[in-house]
Amino acid sequence: MLFFSFFKTLVDKEVIVELKNEVSLKGTLHSVDQYLNIKLNNVEIVDEQKYPYLGCLKNCFIRGSTVRYIQLPAADVDTDVLQDATRKEHQVNKK
Amino acid sequence: MDELVNKTVSVVTSDGRNMMGILQGFDQTSNIILTQCTQNVYIPGQRELEQIPLGSYIIRGTSVTFIGEVDQEKFLSLKIDPALAVGIKSINNR
Amino acid sequence: MLLNDVQLARFTHLKHNMLPLTLLKGAQTTQMMVELKNGETFNGTLVNCDSWMNLNLKDVVCTSRDGTSFYQMPECYVRGNLVKYIRVSDDILTQVSEEAKKERTPKPARGGRGRGRGTFGRGNAGFGRGNDAGRGRGENANRGQQNGRGRGDSTRGRGDSGRGRGDARGRGQSSQRGRGRGTN
Chain A
-9 MLFFSFFKTL VDKEVIVELK NEVSLKGTLH SVDQYLNIKL NNVEIVDEQK
41 YPYLGCLKNC FIRGSTVRYI QLPAADVDTD VLQDATRKEH QVNKK
Chain B
2 MDELVNKTVS VVTSDGRNMM GILQGFDQTS NIILTQCTQN VYIPGQRELE
52 QIPLGSYIIR GTSVTFIGEV DQEKFLSLKI DPALAVGIKS INNR
Chain C
366 MLLNDVQLAR FTHLKHNMLP LTLLKGAQTT QMMVELKNGE TFNGTLVNCD
416 SWMNLNLKDV VCTSRDGTSF YQMPECYVRG NLVKYIRVSD DILTQVSEEA
466 KKERTPKPAR GGRGRGRGTF GRGNAGFGRG NDAGRGRGEN ANRGQQNGRG
516 RGDSTRGRGD SGRGRGDARG RGQSSQRGRG RGTN
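Line order of the protein sequences matches chains A, B and C. Each residue of the first sequence is one higher than the one before, starting from -9 at the first, in the working numbering. Each residue of the second sequence is one higher than the one before, starting from 2 at the first, in the working numbering. Each residue of the third sequence is one higher than the one before, starting from 366 at the first, in the working numbering.
Take the hints with a grain of salt, since some may be wrong.
[What the hints assert, rightly or not] The calculated lysine-lysine pairs, modelled on BS3-like cross-linking and capped at a C-alpha distance of 30 angstroms, are:
id, chain 1, residue 1, chain 2, residue 2
1, B, 75, A, 3
2, B, 90, C, 402
3, A, 16, A, 85
4, A, 3, B, 8
5, C, 423, B, 8
6, A, 40, B, 90
7, B, 8, C, 402
8, B, 75, A, 10
9, C, 402, A, 40
10, B, 75, A, 16
11, B, 90, A, 3
12, B, 80, A, 78
13, B, 8, A, 84
14, A, 16, B, 90
15, B, 80, A, 10
16, A, 16, B, 80
17, A, 48, B, 90
18, A, -2, B, 8
FYI, nobody ran anything at the bench for these hints, they're computed from the structure.
The task is simple: from the sequences and hints, build the whole structure.
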């Protein structure tokens, strides 16, 4: 649940999602769900020359299981809060 | 995914295929129904996308990579540089 | 694939999200093509299916991955998790959505226990119990948890999210009434 909550704090921020099939999608995070499926608005394909036929997408739904990395905007990640939340989650899980 | 229902979408599957069709429905596991489906095949080195009409499909969620709403105008004015364009890789069933 | 207005109009009556498994159920006794994750395809008539997408086919022709060898078998069983996709005929889609539409049209409300009438598609607010606050009966035991039954995606009672709306109070056991809108 930690990551789910974390990604919810990044809604409306710009992220780059790199998939396992090596396609990278850049866009505004619209929503996430419990499976970490991601919805992006204003999508751009990062390497558009390589996949020109994907360039016509407006918004997209990405299945969580196919994501390899998500590049986050560093300025929008509060590492202290994140660390605290991680500890809390760990405490809860220990019980 | 609600907003994508009844829209023309492009679906990339885990085996690297790219299907385009109208999204009729989906469920929790992202199984989806596509109608008026065409498979967009890109053969590396070519200038054009080959479109193969296929009919109606139920695609299982586990083989879906991503689903995007298609901007039809952009799709019509698609330009492919054959020197750079490649096909989409498949994800080895993981 | 670009459609003109006429082609699009054919499908615009399908305002609802049709569940893949609902469609599959409706496609029983029809011909279909199933491709498995390993690339083999099975052409046959659907005899039965369940909510895990396990399939029972008859009069099957199996084609190997490379398309060079074919096997014919009178019937076969395909485990749902091995399916990559299923190709069905367009007619089935129209047929199932018609049925769904019929199912959705208001019927006289039935008194009695709060068992939501199963419908196809997901909750339209048109009629239906469980939408009004306080209408439901039962102890609301299921609130926020998944009902034990598969993913609730067979044709009966939806409610993947298991979240009936409305604060239920009263007696009786609640049985997942209402079609909670699954958050997506």
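Going down the list of hints, with the structure as the test:
| no. | hint | in the structure |
| --- | --- | --- |
| 1 | B:75 to A:3 | holds (25 angstroms) |
| 2 | B:90 to C:402 | holds (15 angstroms) |
| 3 | A:16 to A:85 | violated (39 angstroms) |
| 4 | A:3 to B:8 | holds (25 angstroms) |
| 5 | C:423 to B:8 | violated (34 angstroms) |
| 6 | A:40 to B:90 | holds (12 angstroms) |
| 7 | B:8 to C:402 | holds (27 angstroms) |
| 8 | B:75 to A:10 | holds (26 angstroms) |
| 9 | C:402 to A:40 | holds (26 angstroms) |
| 10 | B:75 to A:16 | holds (17 angstroms) |
| 11 | B:90 to A:3 | holds (28 angstroms) |
| 12 | B:80 to A:78 | violated (51 angstroms) |
| 13 | B:8 to A:84 | violated (46 angstroms) |
| 14 | A:16 to B:90 | holds (18 angstroms) |
| 15 | B:80 to A:10 | holds (25 angstroms) |
| 16 | A:16 to B:80 | holds (20 angstroms) |
| 17 | A:48 to B:90 | holds (22 angstroms) |
| 18 | A:-2 to B:8 | holds (26 angstroms) |
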